[in-house]
Structure formats: structure tokens, C-alpha cells
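Please construct the entire structure, taking both the sequences and the accompanying hints into account.
There are 2 protein chains.
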Amino acid sequence: MKTTKKFLLPDREIPKEWYNVLADLPSLQPMLHPATHKPVRPSDLEPLFAKGLIEQEFSRKRWIEIPEEVRTLYKIYRPTPLVRASGLEKALDTPARIYFKNESVSPVGSHKLNSALPQAYYNKIEGVRRLTTETGAGQWGSAISIAARHFGLDMEVFMVRLSYDQKPYRKVVMQTYGGRVIPSPSNTTEAGRKFLAQKPDTTGSLGMAISEACERAALDPDTRYTLGSVLNMVMLHQTIIGLEAERQFEMAQDYPDTIIGCFGGGSNFGGISLPFLRHQLAGKAKFDLIAAESTGCPKLTKGAFRYDYGDSAGLTPLIPMYTLGYDYEPEAIHAGGLRYHGAGAIMSQLLKDNIIRAMDIDQHECFKVGKLFAQSEGIIPAPESTHAIAATIREALKAKEEGHEKVILFNLSGHGLLDLGAYEAFLNGQL
Amino acid sequence: MKTTKKFLLPDREIPKEWYNVLADLPSLQPMLHPATHKPVRPSDLEPLFAKGLIEQEFSRKRWIEIPEEVRTLYKIYRPTPLVRASGLEKALDTPARIYFKNESVSPVGSHKLNSALPQAYYNKIEGVRRLTTETGAGQWGSAISIAARHFGLDMEVFMVRLSYDQKPYRKVVMQTYGGRVIPSPSNTTEAGRKFLAQKPDTTGSLGMAISEACERAALDPDTRYTLGSVLNMVMLHQTIIGLEAERQFEMAQDYPDTIIGCFGGGSNFGGISLPFLRHQLAGKAKFDLIAAESTGCPKLTKGAFRYDYGDSAGLTPLIPMYTLGYDYEPEAIHAGGLRYHGAGAIMSQLLKDNIIRAMDIDQHECFKVGKLFAQSEGIIPAPESTHAIAATIREALKAKEEGHEKVILFNLSGHGLLDLGAYEAFLNGQL
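Going down the list, the protein sequences come from chains A and B.
Read the first sequence against our numbering and you will find it ends at 431, with the numbers running on by one and no gaps.
Read the second sequence against our numbering and you will find it ends at 431, with the numbers running on by one and no gaps.
Each statement offered as a hint is correct.
Derived coverage of chain A by chain B (criterion: at least 3 residues anywhere in the stretch with Cβ under 8 Å from a Cβ of chain B; other residues may be distant):
id	region
1	6-15
2	99-108
3	176-183
4	371-381
Think of the hints as simulated: they come from the structure by calculation, not from any bench.
The structure presented is a predicted model; accordingly, all values stated were derived computationally and were not measured.
Glycine residues also receive a C-beta, built at the ideal position from the N, C-alpha and C atoms.
This is the structure in C-alpha cells:
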């Protein structure tokens, strides 16, 4: 009964640098310009992104300093706890030791704030006045709305219509933080009008919403675009998750052999796994790294590795990635954050090179384990995060079957308190 | 920029004992039996409560040991952070230093779990199989549902009809944890049928729901009643908040002079203030202790101190308290947890003796400061907690006006992520 449940670090131990895995990987294939199909130069991206962020996108420096203003705001919720999932272990009767990094304690309820704060910061110091973005489940939109508020920036969010309707309260969160929320596709952009003309009853997709937000930024010199996943610089910011976890495992006097995250574009899985992976790339450790995606949008397990657009209108650079096709319309699953057709370039390359592996999990299994996790650990997980829990449980039960120990770390990317409509449908047998 | 934002204690520093203020107060007037009007004896309460809890209700022992099983479950979310509200201070431009104890990090989103866990525990070890209770906003119902699940007990929750309709997702939380939720007044109890006959379109009240839950427990020997506020033993359990805060102020090298909590029955205000008050009772300190109640249910500022029932049907003992009358129907405010006609006996006596003072605050001011807090500290507060924030801001602005320092501690009793319908109404100008 004396087991430590949570491993906490004080504010002052928030890492001072993010880890850039590009320093330790062979060069990735370059992004290509959508018009010329030539490699994208940093200056090509300036209409869309703050220069400080573009520099990070292309950087091969191993450690990149976290600005003090960002670290100060990280203190609102970071370091997040590393938690021993003793209740879940007991429920599964497994010899595996299970830990999770609890990113749900962020005030917006997910890990997305880790990248929202630096993205708002770099825009602010470069004199940008307005930010625009898209959001699926609303996690990213909430995060960038409060980040924009902290830095006094105006914020506009294109929210995928399906989530806008399924999760009306996410919209209220963004509005309370001062964001303007527009259901996508909308009539306010040319791309949106085109999507609506093609299919008036579309429920939207992240791809479409990205097109709208990019168009807005491209047409207004005072506005920049922000993105919550896929890009190298987002993976960079999210490494704070794994870097903290590493120190917390020292406190726990334990070490993971299996690391699991759910997978939409790769931000939370990259964030928790890349800092550990650096030891494997240096030949000093070996991990089983598992990306848990949705069967409703299976880019990693059923997609192809090739160049594809990041959005549905073909406005973004071509990215070398696992993709289901830029015009793919994912199933109307409740895990809105996983409804994206492609995977970020870094994570795609790692999958291609068999450094990570992928698992696809269907919605029913996800909510079943979500309920089990709620009853055993107290926290109702986000539908996205239930994918990581499902993969964790599969691995923990395999360990039990095979009678060997295993130390699993998974990322609890967010809580599900704004997804209770989905839980209600599950409890009523409708999923 | 180097200021510490959060003061964290490790798991092992969760207090080992609760503080019982009854040891340091003159005897309270006794509760009276509803039929005989004679002082209630412990045995009179046995049909309703576990014996271990009744013993605590009457105890005058200063320190009461927290059972190891309860401490283990406290580790899921405790110790909670003490946070410097630097963002709010900046927004107010006040010389006051403002701290809050962040009870919203509990997996159910409020401080209510602090008493739910011991209440479920003592019932479990005495062989009780089923628990029943009432809930207003749903915070207590969520907490006791997961607590019952942790100890393998069956759970039934009578939820005030107004909240049941206003906050449908609270019901889903309780159900996900395995609780059965019944809107109150209901047809399943004699008391409920009586209320419905008197007023078929009633939106219910905590008083009515208590009557229903008590009746259920009284009629079934395998069922016990649980209560989330008012009682001495609930104040006892909640002192863990203030006891932790005290140690955290040592880390902060600071000390509060003003302590503020919102007030429904007294549980969160008692929890944060009583451990500090013990130094005042010992003549070693002096605090300004402020209970912030709703103008929609102003028992402290407009009620009378007298004997009254705890429920609407007159089934509970008569309690010496500030009350608006047991048949009072509070306004349909969104802060469902504050819609209770009376104040617990301890807190009532302290108000009568001018040891604490009270402030009533209207809903519009509350949501206005709720939005300000969300934008400055990132966390969307529960409607109940916004009352504490409003009182804090009044005091901080007074300090600014008078040009003196002040150190304010308030309890952020919960987050508002399940109250976004209320925020939406506010943002749309409907409150």
C-alpha cells in the first residue's frame, strides 16, 4: 500500500531545452512546393509561419532552448505527473508495470498546449497580430486560443463541422478564452466554398479546415497560421513530455521498454517517444514504440508512404508521409483528433524504417477500455487517448499470457470531460 | 520571470491525520432528533451512516488518523498544487499576493472526492453493500460514484432535476463510474412522490433529494446514506485541503492573512480555512475568513440562526444552523452546489461568533470573473468556485485602493468543464 503513485517534478525542473530528433536521423526527404514540386525553402513558408518556427522546422540542432516566457507559462501545468497505473494493473492482473504521463492535467485538458504556447510566443515577438488555425476534436483549438490570449493575439479557429456539432462545449471553451470559432467548411474562404459546392452536406475534415486556415493566413499579412501536429517543430515542442518522463523514471527507479501513444498526426506519440528513442539511435537502448491509430482513419496500417498534401485543397507543401490520400474522408469516429489522412514526416520515416510500429483499434474497444480506465484510475480519458490505453492493455495482457515482466509507458494525451456525448452513446449501446 | 508558480508536495507528504476543529471549539448545540426533539445519540444515526463516520461526527479528538487505504487512493490526485495566481494578479494590477489551492485537478474535477473516499471506505469495512446520496451540480455525485467503485459498492444518486437537465454530462460521468442516477424528485420514494404531488413542475432542490436518499437508506438495511457537505465529519475530511496548503506556504515562504472559499453547505470553505483557524483559536494568528455565497441562496447573509431540518421533508435531525428554511426553493442559478438552504453546524457557529464573515455575490459578477480567471490563469472555474474568485478580486482591489499588501488564499474547489452550458449562456448575454 506504500507504493508511490505519482512522480512529480518541481517547476524549476521543467526542461530548459527541447530535443530535436532530426539531429540524430539521416536526412528526411524534403517537403516539396505544391506548385513547383521543388524542395521547399524556409522563405517559402513565411506567409504562413513565424520565422522562429520555420527555423525550428528546418533545424538539425540537437537541443533547442525553450524561451523563458514559454517556460514561465509551462509552469501553469507542467511538469505533468508520471503516474503508476496501479489500479489498471490490478484490474488486468498483469505482471506488467504500467505508467502513464498525465497530460490531461493541462488546463485545456490535453498535451496540445505544449506547442500552442511556443507557436503563439514566436508570432508575438515577430509582431504578428492575428493567428488562425484548424481544430478537429477541439483540443488544439482550445490550446491555441488560450495561448493566443496569454500573448495578446487575436485568434480564429476553423473547427471541423462534425466536431462542432458533436462537441458543442469545446466551442464554448475556445470562446471563453477569447477565440472566434467557425465551423468548417465555411463560406468565409474560397476553399471552404469549393468544398461546400462539391458536397453541401459534408461533415468536414481536418484537411478541409487546414485549407481554410492556410488560405486566410496567405491572404492577410498580419495573420499567421498555426498547426497542432504533423510538423517537425510540433514534434520538437512536444518532446517536453518524454524529457520530463525520463527524469521521472529516475525517481521511480524504473525504466520503460514499451512506449505507446495514440496517433493522429503524431504529436503526442512523438512527444513521449522521441526523447527515449535518442538512446536507441545512440545504440544504448532498445524500445518497442507503438503508435495506436483508429481503424476509422488507418494511415499507418493501411496507408501508403508517398508525397501528399497536408490539406484537402492542395494548398500546403507536399509532405513525404504515410497517407490515405489528401481527399480521404475519415469515418465519423468520436476521436476527432485522429481523423487526419496523413502522418508527420518524422514519424512516417520512422515507421518506414521499422523503428516504430503501428496498431489500429476500433472505436468500440476504445470506449470499453476508456470505461475500465475511468473505473480503475478515476480519470475519464479522451477518446483519442483510449487508443493508447487499448494498445497498452493488449501488451499488458500479452505479457501476462507469456508470463514475463514488461514496463509500459503510455501517454494519456487528454481527458474526456468534453467528450461525454460519446461516452453516453457507448453506455447506451450505440457504438 | 523566475517566480515559482506551483508548490507541489510529493505523495508521501499527504497528511496522515485530519484536523478536527471540534477539539478547539466550545461545545456546539447538539443536533436534535426530528421526532422527539431530544439531542441525537450516535445510535440514532446508525440506520443512515456507517459507525466509523458517526464516531467522527461526534468526536472531539483533535487529530484523526486517515486510514492507509484512503491515503493510497488520495495519491491518485493529492497533494493538489498550491498555485500563485500571478496571471490574475497582473490582470488586476494589485499589490495583493494571490494563491489558490487547485482542487480542480481531482479526476472528478472538485474537492468532493476528499470526503467521498473515506465515506465509501468506512461503509465498505462495515460490510455495507449499497450507498445512496443526493447531488446538486453533480460534483458530489461524481465523487461518491468513483469512490464507491474503488471499494466495490453499489451506488445510487438522486440528482436535483434542475442540474439533471442543465448538466446532462454530469450524469454520464456518474454512469461511466458505475453509478445509477435518478432525477429528483422522483417517483421511486414516498418523499419524492409527495413533492411531485405538491408541485408537479418543481425543478427540485438539494433538500428534496436528501429526503429521497435518506428514505431509501432508512428502509433498506444493506444501504447507507452519504452526504457531501454540512456534517462535521465532512468538514473533518476536507481539512486535508488546508493542511496541505499550510505546508505549501512554507515552501512559498509566505503566509495568508485572508482565506476565501465559496459556500454551499461549508465543505470546501471549512476544508481550506479550519486548519489555519486552529492557530487563531490558539491565539497565535489572526485571519480574515470569508465565505462567498450566492445571492440566489443567501443563507449566511440573509438567513437566521436556528434549528432546522437538513432536508425538505423533515426526515433528518434538526441542526443548529443559518438557514433560509427547510422548504426554501433557491433560484435556478448555475452554481448548483450552492443551492442549499442551510449551513453546516460548525460553520454556522463560527459565523454566529463572528469568527468568519460572509459575502453574497450574484451570478453575473461570478461568470464575469470566471472568464477573467480563465483568460489569466488558463483554468475555466466551476460556477461555484467563481464565487470565491469574485470575493478574492473584491479583496484584492480593496488592497490596491488602500495601497497595502495582502496575502489571499482561495480554494478553487472545481473546474467548470461540465458547466459550459452556463458559460455559453453568459457569453451570449443571457445571464
